[in-house]
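Chemist: Sequence:
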Amino acid sequence: MGLIVDGPVLSWDKGKNFAGHIKDHGITQLLNVWKTSKNRRSLPFRWGEEIECMVIAFNDQERNAKLALCQEELLPRLKKYVSEHGGQSRTMPSFQSEYGRYMIESTPGIPYGNSISDLLIVESNMRQRLALRSFLLVNKPTHVPMTLTVYPRVGVPDVFTEPHRVRTTEDTSMFLPEEAVTSTDPKYTTIAQGIDSRRGHKPIINLPVFRDTNTPQPFRDPTVPPECTVLLDHILLDAVSFGPGCCCLQVTMQAADIDQARILYDSLIPIAPIMLALTAASPAYKGFLSDVDCRWELLSKCVDDRTKEEQKTHRIPDSRWSYVRWYLTEEGKKYSDIELVYDEPAYERLTEAGMDDILAKHFANLYIRDPLVVYPNRLEQNDEQSNEHFESIQSSVWQTLRFKPPQPNCDMGWRVEFRSMEVQLSDFENTAFAIFMVLLSRALLKFGGNGAAWGLPISMVEENMKRAQERDAARSQRFLFNTSATPELGRDTYGEMTMNEIINGKGDEFEGLMGLIRRYLNSLDAENEVGERSEVEVYLDLISKRAEGSLKTTATWIRDFVRSHPRYRHDSVIGREVNYDLLKAVNAIEKGERDSDGLLPSSYLSRRASIAR
Numbered sequence: 001m002g003l004i005v006d007g008p009v010l011s012w013d014k015g016k017n018f019a020g021h022i023k024d025h026g027i028t029q030l031l032n033v034w035k036t037s038k039n040r041r042s043l044p045f046r047w048g049e050e051i052e053c054m055v056i057a058f059n060d061q062e063r064n065a066k067l068a069l070c071q072e073e074l075l076p077r078l079k080k081y082v083s084e085h086g087g088q089s090r091t092m093p094s095f096q097s098e099y100g101r102y103m104i105e106s107t108p109g110i111p112y113g114n115s116i117s118d119l120l121i122v123e124s125n126m127r128q129r130l131a132l133r134s135f136l137l138v139n140k141p142t143h144v145p146m147t148l149t150v151y152p153r154v155g156v157p158d159v160f161t162e163p164h165r166v167r168t169t170e171d172t173s174m175f176l177p178e179e180a181v182t183s184t185d186p187k188y189t190t191i192a193q194g195i196d197s198r199r200g201h202k203p204i205i206n207l208p209v210f211r212d213t214n215t216p217q218p219f220r221d222p223t224v225p226p227e228c229t230v231l232l233d234h235i236l237l238d239a240v241s242f243g244p245g246c247c248c249l250q251v252t253m254q255a256a257d258i259d260q261a262r263i264l265y266d267s268l269i270p271i272a273p274i275m276l277a278l279t280a281a282s283p284a285y286k287g288f289l290s291d292v293d294c295r296w297e298l299l300s301k302c303v304d305d306r307t308k309e310e311q312k313t314h315r316i317p318d319s320r321w322s323y324v325r326w327y328l329t330e331e332g333k334k335y336s337d338i339e340l341v342y343d344e345p346a347y348e349r350l351t352e353a354g355m356d357d358i359l360a361k362h363f364a365n366l367y368i369r370d371p372l373v374v375y376p377n378r379l380e381q382n383d384e385q386s387n388e389h390f391e392s393i394q395s396s397v398w399q400t401l402r403f404k405p406p407q408p409n410c411d412m413g414w415r416v417e418f419r420s421m422e423v424q425l426s427d428f429e430n431t432a433f434a435i436f437m438v439l440l441s442r443a444l445l446k447f448g449g450n451g452a453a454w455g456l457p458i459s460m461v462e463e464n465m466k467r468a469q470e471r472d473a474a475r476s477q478r479f480l481f482n483t484s485a486t487p488e489l490g491r492d493t494y495g496e497m498t499m500n501e502i503i504n505g506k507g508d509e510f511e512g513l514m515g516l517i518r519r520y521l522n523s524l525d526a527e528n529e530v531g532e533r534s535e536v537e538v539y540l541d542l543i544s545k546r547a548e549g550s551l552k553t554t555a556t557w558i559r560d561f562v563r564s565h566p567r568y569r570h571d572s573v574i575g576r577e578v579n580y581d582l583l584k585a586v587n588a589i590e591k592g593e594r595d596s597d598g599l600l601p602s603s604y605l606s607r608r609a610s611i612a613r
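Counting along the sequence shown from 1, when you hit position 281 you're at 281 in UniProt numbering, and nothing is skipped either side.
No wet-lab data here; the hints were simulated from the structure. Be aware that a few hints might be false.
Here are the simulated DSS-like cross-link-like pairs (lysine-lysine), alpha carbons at most 25 Å apart as the crow flies [stated by the list, open to error]:
| # | residue 1 | residue 2 |
| --- | --- | --- |
| 1 | 333 | 35 |
| 2 | 545 | 466 |
| 3 | 308 | 202 |
| 4 | 16 | 301 |
| 5 | 334 | 404 |
Label-pair distances were calculated between CB atoms; the ranges are [what the hints assert, rightly or not]:
| # | residue 1 | residue 2 | range |
| --- | --- | --- | --- |
| 6 | 139 | 496 | 51 to 57 Å |
| 7 | 204 | 492 | 37 to 43 Å |
| 8 | 139 | 307 | 43 to 49 Å |
| 9 | 84 | 42 | 33 to 39 Å |
Yeah, the Cβ is synthetic: ideal placement off N, Cα and C, and Gly gets one too.
Start from the sequences, fold in the hints, and give me the full structure.
Modeler: Pasting the structure below:
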């Protein structure tokens, strides 16, 4: 979450005085990179995935599953192990801190290539990363790294962290010991403090409660003191940490050149809400079942640092965490039907240097934000050798997609980061969604032409983002989509489709995203072994079945597990034992030790057993 730099940071009150310096030099750094890499061509397609996980501490005697605040202990061990054993091994991963003190981020050590065979090493790479974290927690056998999007009981009045931490006078939240659960990396506490300081108050987020048969009517959040005013039938959250303390799955792809990267970016804009709904994995917060399945809106509100004036005058129309509002190609420009607010001085500098209007507005839009983290020891930089000031802005705007320039003085290309997916409970699922996105991107580039394949107006993308977060959206919602039978046709006709129709198609009327992927794979079949293709199909089958509804989304599976638990009282409350059994079940499913009850294909148990051998 944000620029990865070691060193002391300034408080928000001191750091904001350097905002102008950072933004001015950030534009200079961006222009230097753009000038040296805008004509770089024919780079190979490379990609990588980024997975965040939580460490859970199980107490079998108390039947409690808590957040293990062990990042400060585990991360140095991981980095030391990689340093000592990595060498030139392409399988040795990379580990970084994340916002929560219970979180670890991991990526492959080097990028994957464009071959089918590279797709088939992703799951083992992910599994190695989890296994390595477990191995280095050998002194704590009850601690288990798990790919959960949201820990269901974060912020409950009961004990939910290991070791137990209580709120202090420094914590403004009524529910969270915020300083205790936030990473010791000073940039994260500075981000939280900067967001609250700039906004002028702590966040107030109300999530609708899931109304079960015994849920009180009206529901008043029982964790809120009686003297406080609350919004009935909602769960109250009041700290930045409730948002970035969640986990996700992201995929970054390197294009052949800047033009292809812009095409890929545009082509994936309409896909972002679809994948958000299909990966929905967060139906529970603060010990309650909610009536939403995704964390996106929660995150948006948690990190929204706009002042009241900025919100009222519409000078900044959205949070730092939002959907993309602007297409990057000339062909995609017609779909940008929502006004884009951008920083005029930044735009003028970029266009005066020769950058085209569309790309200049994209980058100038980032510059309506202030930097959240300032490193005093790194204020003075060589703008031809560094891009840190640019990244301090770029990396603190969290949208569904990120357009990433190369690093200075390296052979890296222009990249697109796909950011809307929620992390899944097993390495198999996370691999499936990563592979799906890579193959879809390759297919869109091959068959989609020079603009946004299946282009969709931003206003419709915005509506789809709202629909994607509804309960059981993958099965119950219809989404706005371009109805051209194939992306090559390029017709601007729109309609509502089910998730099954978008992914699996409607016969000759619409080939679907999976049909496009299989057309792409068919074009490669002469180059690949039949066995490799069949192994890829195992992953694609999961996506198809989630889309058609024969397999549940993670959010639906979690909700169903809770509601079927013998100690659940159908009152929307996730008690300690229910949560314990839920996370025990998740761990057993990932390890192939129990049936998934409709989450995974029936073949998963035997497949997982063969991997374990």
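Chemist: Against each hint, give a clear statement of whether it holds in the structure.
Modeler: How the hints compare with the structure:
| no. | hint | in the structure |
| --- | --- | --- |
| 1 | 333 with 35 | holds (23 Å) |
| 2 | 545 with 466 | holds (23 Å) |
| 3 | 308 with 202 | holds (13 Å) |
| 4 | 16 with 301 | holds (22 Å) |
| 5 | 334 with 404 | holds (23 Å) |
| 6 | 139 with 496: 51 to 57 Å | holds (54 Å) |
| 7 | 204 with 492: 37 to 43 Å | holds (40 Å) |
| 8 | 139 with 307: 43 to 49 Å | holds (47 Å) |
| 9 | 84 with 42: 33 to 39 Å | holds (37 Å) |
Every hint from the earlier list agrees with this structure, and none is contradicted.
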